[in-house]
Each structure stands twice: as C-alpha cells, then as structure tokens.
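Peer 1: Residue numbers (this note's numbering): 1 to 594.
Treat the hints with care, since some could be wrong.
In silico SDA-like links for lysine to any residue, alpha-carbon gap of 20 angstroms or less [said to hold, decoys possible]:
#  : residue 1 : residue 2
1  : Lys217    : Glu251
2  : Lys385    : Gln363
3  : Lys558    : Lys570
4  : Lys190    : Gly164
5  : Lys109    : Ile140
6  : Lys241    : Lys263
7  : Lys509    : Ile538
8  : Lys185    : Glu236
9  : Lys144    : Pro96
10 : Lys463    : Leu449
11 : Lys115    : Tyr93
12 : Lys94     : Gly244
13 : Lys185    : Tyr117
14 : Lys385    : Leu351
15 : Lys141    : Leu90
Beta-carbon label-pair distances, calculated as ranges [stated by the list, open to error]:
#  : residue 1 : residue 2 : range
16 : Asp142    : Asn335    : 33 to 43 angstroms
17 : Glu52     : Lys300    : 50 to 60 angstroms
18 : Pro47     : Lys543    : 36 to 46 angstroms
19 : Cys239    : Lys296    : 23 to 33 angstroms
20 : Lys543    : Pro591    : 11 to 21 angstroms
21 : Lys109    : Lys217    : 16 to 26 angstroms
FYI, nobody ran anything at the bench for these hints, they're computed from the structure. From the three backbone atoms N, C-alpha and C, an ideal C-beta is built for every residue, glycine too.
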Amino acid sequence: MLNINFISLQNNSLQRKAAPLERAGILNIPRLRNLTHDTVSFKGLTPDKLKEFPDIYAYASLSKLPLSQYNSPDEIQNLAKEKLKGLINLEQYKIPDPEHTEDSDARIKKLEEWKQYITKENILTKDNPALGCIIFSAIIKDLKPNNRKQPEVLDKRALADTIGELRDATKKGGRLDFNFINKYKQNLVKGLSGLENQDVSSEAGVMTGWVRIPSKKNDPENFEANVKKMQALSCETWCTKGEGHARAYLEEGDDHLYIENGKTKVSISFKNDTISEFEDVRNNNKIPVQYIDVVKNYIKENNFKGGEKEIQQAEEAKIRFDKAKINLEPFIANNDYSAVFEHFGMVTKKLDDGKVEISAYIQPDEHFTYEDLGIKENDLFKIIKKINRGVKFRDIPIKDLGQLTEIGGDAYFANSQVENLGQLKTIKGIVYFNHSKIKNLGQLTTIGLDAHFGESQIKHLGKLTTIGKTAYFANSQVENLGQLKTIGEYAYFSDSKVKDLGQLTKIGKSVWFSNSQIESLGQLTTIGKDADFSTSRIKDLGKLEYIGGDVYFDSKTKGLDFSKVYIKGKFYEFDAEGKEKEIFKPCLNRPDGK
1 MLNINFISLQ NNSLQRKAAP LERAGILNIP RLRNLTHDTV SFKGLTPDKL
51 KEFPDIYAYA SLSKLPLSQY NSPDEIQNLA KEKLKGLINL EQYKIPDPEH
101 TEDSDARIKK LEEWKQYITK ENILTKDNPA LGCIIFSAII KDLKPNNRKQ
151 PEVLDKRALA DTIGELRDAT KKGGRLDFNF INKYKQNLVK GLSGLENQDV
201 SSEAGVMTGW VRIPSKKNDP ENFEANVKKM QALSCETWCT KGEGHARAYL
251 EEGDDHLYIE NGKTKVSISF KNDTISEFED VRNNNKIPVQ YIDVVKNYIK
301 ENNFKGGEKE IQQAEEAKIR FDKAKINLEP FIANNDYSAV FEHFGMVTKK
351 LDDGKVEISA YIQPDEHFTY EDLGIKENDL FKIIKKINRG VKFRDIPIKD
401 LGQLTEIGGD AYFANSQVEN LGQLKTIKGI VYFNHSKIKN LGQLTTIGLD
451 AHFGESQIKH LGKLTTIGKT AYFANSQVEN LGQLKTIGEY AYFSDSKVKD
501 LGQLTKIGKS VWFSNSQIES LGQLTTIGKD ADFSTSRIKD LGKLEYIGGD
551 VYFDSKTKGL DFSKVYIKGK FYEFDAEGKE KEIFKPCLNR PDGK
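With these hints in hand, go ahead and build the complete structure from the sequences.
Peer 2: This is the structure we're talking about:
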C-alpha cells in the first residue's frame, strides 16, 4: 500500500460536491439569479443603467459596445443572441486536414458538450445569450481550422465559480477587465486538483502540491472522469492535453502531477507500478533542476520503483547548474553575453556594428535554461545578428527576434512564443510556421529549403521572394503570396486559401492545384515537372510557357488551352473513379495533339 501524502483524486468526479447543487440538469448558483426586466426604453444606455443587468453589462463591456447607441438591455441581448447562433455552429471548428480527423472529432465532441450545457441545461445561460456569448467566445478563442488545440473540459462547478467572479467584477464599476478563460482554468485546476486547502502559496488562492490521477486499473469506475482530469491538469505543451493520449497514459498506469502556484510543472507517469517517464514544461522527458528535490522526496516518501537513471542525470545536472551560476556571475554583472555563449561551447564572432555572429543557439543544458540561470533571453538576442545553425524557438521564451538577420539552418517556430521576426531576412534551412504565433513575415525575403505554412496564422507572404525547395500551403491561412517569385521544387496549393499566384514566375518541379481557390496562373511561366489541375478552379493559364512533365485534368479542367505552352510530358484525365487515362491535346510543341 503506497503511503501517498497528497490529496487523492481517486473517488472524485468532475462535479465537485461543494454546493451549488445540480437538480434535473440545472445548476443553481448562489447569489446568481436569472435576468428579468421589462422592455423599456432607456434613451441611450450607460454603465449605471445596466447595474441591474450584470451579464448584459459584462457582455457589452467585454465586446466594447458603444452603449449610447442602444436604448434597452433587450437590444443588447438580441445582438448577443444572433452572435451566439454563429458561435455555436460547430462546423467552423472542424479541422479539415484528413490526417487530423481524430483531433477534429475530439474537438467537436467537447464543443457539443459545452453547447448543450450553455444553451439547454444551465438555467443561467440557456435564456441568457449575453452570458452564453461570453462563455462560448472564451472557450473557442484559440480554436482554428489550422491548429489542433482542444477546448477546455467542461466542469460545472468551475464554470459556476467563474460566473460568480465575473458578476462580482461588474460590481466594481469602471472598465471591466476580466479574462474569462484564464479565470476558468484557475478554477478548474483548483477544483480538480483537490489542492484548495493545501500549501497555499503567497499568491492567495493559488495552489501548490502533488496530485495523483489513478489509472483505469486502480479506479475503473471513475476512468472517464480521470481522463478529463488528466486533460485539464496537463501542461499546455503535453500530448496528454488531448483525450486520446490522456486515455492511453491512464490505461498503462497512474499519473502524478506537481502543481506550483496553480500551474503544472512536472509529471511522473507509471506503467503498472513502476515509473516509466518524467515530463516537464519543456516536454523533453527530463527532471528540471529546480524540482529535483521535490521529485526525489516525493518518490522516497512513497517508495516508488524506477526512475533511478533519470534522478541521477538530474542530480549531475544540478551540480553543473550550481557551477554555472558561480562561473557566469561576473559575465552577467557586466552584460558580457558573448562570454556566456562561449562558456557553453558556442563560438562567437564580433561584427563591425557591435553585434555578434554565433555558431549556434542552444539552451545551456537539457535540465535547465538561461532563464533558470537568471539570464533574460531577450537580452541575449539583443546582441545576435547571425546564427550559423538551426534554432528551436519552442525552447526560447522570447517574442521578438530583434536584430537577428540570418539563421543558417532550420527554424522551428511551432509552439513558440515568437510573434515578431524583427529584422530577419534569411533562413537557409527549413522553416516551420505551423502552430506558431507569427502572423507577419516582416523583412524575411529568403527561405533556403522547405516552408511549412499549414496550421499557421500567416495570411500574406510580404517581402518573401524565394522558397528554395517545397512550399506547403495546404490547410494554411495564406491568401496572398506577396512578392514571392520562385519556388525551387514542389508547390502544394491543394486545399489552400491562396487566391492568385501574384508575382510567382517559376516552380522548379511539380505543382498541385486540386481544391484550391486559384483561377489564373497569372505571371507563372515555368513548371519544371508535373502539373495537376484536377478538381481545381483553374480557367486561365496566364503567361505559362513550359511544363517539364505530365499534365493532369478532370472533366471540368480538360478544356484548358495549352496551344501556347511547351509540354514535355503527356496529358492525362482522371475519370469519376479516379483512374487516369492518356488523352491528346494540342500544345506548342505538338500542334496536332500527338
């Protein structure tokens, strides 16, 4: 029997037992009542006139509505009613990429649960679209067709607490500053962790401690509830934020989470009764040095088996960490960041403008970061102009790349905090914009290898002129190619929002247009290999002069005129069953079509 010194979640369900009660599917919340009022004219609303209608006031304030343009609370409720109708159309939240059908289905399943509860079950929201809009807008805020993020799980008590806090906030008057989703997440962690009265930190109401989530074997009756707890309490960077992975982990063994100040920092996963994995916020399966003692003590107290190798690695890292703090002290005091890089094995070269070129940018250790050492990475980036190798920005807590102009290898922006590329002009390797916060390419002109735009927020390519190899536009938000002139190898426009090719003149190898928005090839003169026009909207070949491979059509596009285009390969038509057959069409080098 384990001596587990923490709040067990084993017998708790998602609906915590502290009142309010739920009767017949209706959540009755203390201090909160239904909005009731006569339809009267207020001749221009003001915050004072809405004091009796806190939900309407909150909706108007958070939506930044000009109150003076409305004559009654009913007008605002009607506005919210129409908006809510649009928000709860769940089709818009599906993920179109067929590779992510499972994620899409899981997202819609969760949203359907929210929709039913808000519009049909909860007495406070089902006839109150203003409050319904506030809640649903918060839940779907980060859900896009081009990302795989999941909505937070529905916990009725956490929602009730958050509604109560919103109501209280409206009583203060003035501008309403209330982040509904952040408050909901805090209440979710507080309720599901069972840490409400344990080890309260200096920040009132925020909890710290260990939480155990039992496996399917150890708590079969509450397995579904525990899967939801796993999702809700997992760090944002972990795969267990998704239902499928949370389920898979709990089918193998218990999971233990360390929560500090309301945020999950470390997990210990088990396979049967043996530790199988550690995880931290960097998602690299390591024990961070700042939590080594917490983890060791917890394992010792409970006589857990396994994890010896990882513990030893973390202890060795702690020795390196302590030495580094001492050795770096004079460099940090003098803002000598070149010396910091060199201390960790990176070669630096001072440039004429005072900036530096470095051989690589890597974190000092798998178990700790520059920030852990007390060095702000924004300060480090202020001196860097060129990085000769690739960079994984997910591990770097910066939003702006500052004076950096060149990255000599691949650039990984997925799941990073970077929002602004600053002065960056060249990325010589592959670039991954998927799941990033970047919306604008800024000064970027050249990508040396592949460019991944799928599941990104980028709509316009700006000053970008060259993509050296493959351009992936499928399932992206890109609509405008900006100044792009050359794609060195393959171009995937299938299932994209690109409307025209702009200044693009050359595609080095093959191109796919199926299910794209493009109707004209515009300035494009050269396609180096195959061109697939099947199931596309292409009507005009523009200035096209050369295709170096085969051409593919369907019944709707086989009428395209290639009489002025040199075709090195053959023509093929797809039938209704997707089978191809060779057809003959006139082209520049074969006027008779043969």
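Peer 1: State for each hint whether it applies.
Peer 2: Evaluation of the provided hints:
Annotation: proposed proximity of Lys217 to Glu251 holds, straight-line Cα distance about 7 angstroms (limit 20 angstroms). Between Lys385 and Gln363 the CA atoms are separated by roughly 18 angstroms; this keeps the pair inside 20 angstroms, and the hint holds. Distance hint between Lys558 and Lys570 is fulfilled; the C-alpha atoms sit about 13 angstroms from each other, no more than 20 angstroms. Between Lys190 and Gly164 the alpha-carbon distance is near 15 angstroms, which keeps this suggested pair within the 20 angstroms criterion.
Straight-line distance between C-alpha atoms of Lys109 and Ile140 comes to about 13 angstroms, which keeps the hinted pair within the 20 angstroms bound. Taking the CA atoms of Lys241 and Lys263, the gap is near 14 angstroms; set against the 20 angstroms cutoff, the hint holds. Annotation: proposed proximity of Lys509 to Ile538 holds, straight-line Cα distance about 19 angstroms (limit 20 angstroms). For the given pair, Lys185 sits about 11 angstroms from Glu236 by alpha-carbon distance, which is consistent with the 20 angstroms threshold.
Of the supplied pair hints, the one linking Lys144 and Pro96 holds, its CA atoms being roughly 10 angstroms apart against a limit of 20 angstroms. Between Lys463 and Leu449, the direct Cα distance comes to roughly 17 angstroms. Compliance with the 20 angstroms bound is thereby established for this hinted pair. Between Lys115 and Tyr93, the direct Cα distance comes to roughly 13 angstroms. Compliance with the 20 angstroms bound is thereby established for this hinted pair. For the hint pairing Lys94 with Gly244, the CA-to-CA distance comes to about 17 angstroms; that is within 20 angstroms, so the pair holds.
Distance hint between Lys185 and Tyr117 is fulfilled; the C-alpha atoms sit about 18 angstroms from each other, no more than 20 angstroms. Note on Lys385 and Leu351: the hinted pairing holds, with a Cα-Cα distance of about 9 angstroms set against a maximum of 20 angstroms. For the proposed pair Lys141 and Leu90, the alpha carbon gap of about 13 angstroms is at most 20 angstroms, so the pair holds. Judged by the Cβ atoms, the range 33 to 43 angstroms given for Asp142 and Asn335 holds: they are separated by roughly 37 angstroms.
Between Glu52 and Lys300 the CB atoms are about 58 angstroms apart, so this pair conforms to the stated range of 50 to 60 angstroms. Between Pro47 and Lys543 the beta carbon distance is about 60 angstroms. The supplied range of 36 to 46 angstroms is therefore violated. For the hinted restraint 23 to 33 angstroms between Cys239 and Lys296, the CB-CB distance of approximately 25 angstroms keeps it satisfied. Take Lys543 and Pro591: their Cβ atoms lie about 20 angstroms apart, and the range 11 to 21 angstroms holds.
One distance hint, 16 to 26 angstroms for the beta-carbon pair Lys109 and Lys217, holds here, with the actual separation near 25 angstroms.
Violated hints amount to a single one, hint 18; each of the other numbered hints is respected by the structure.
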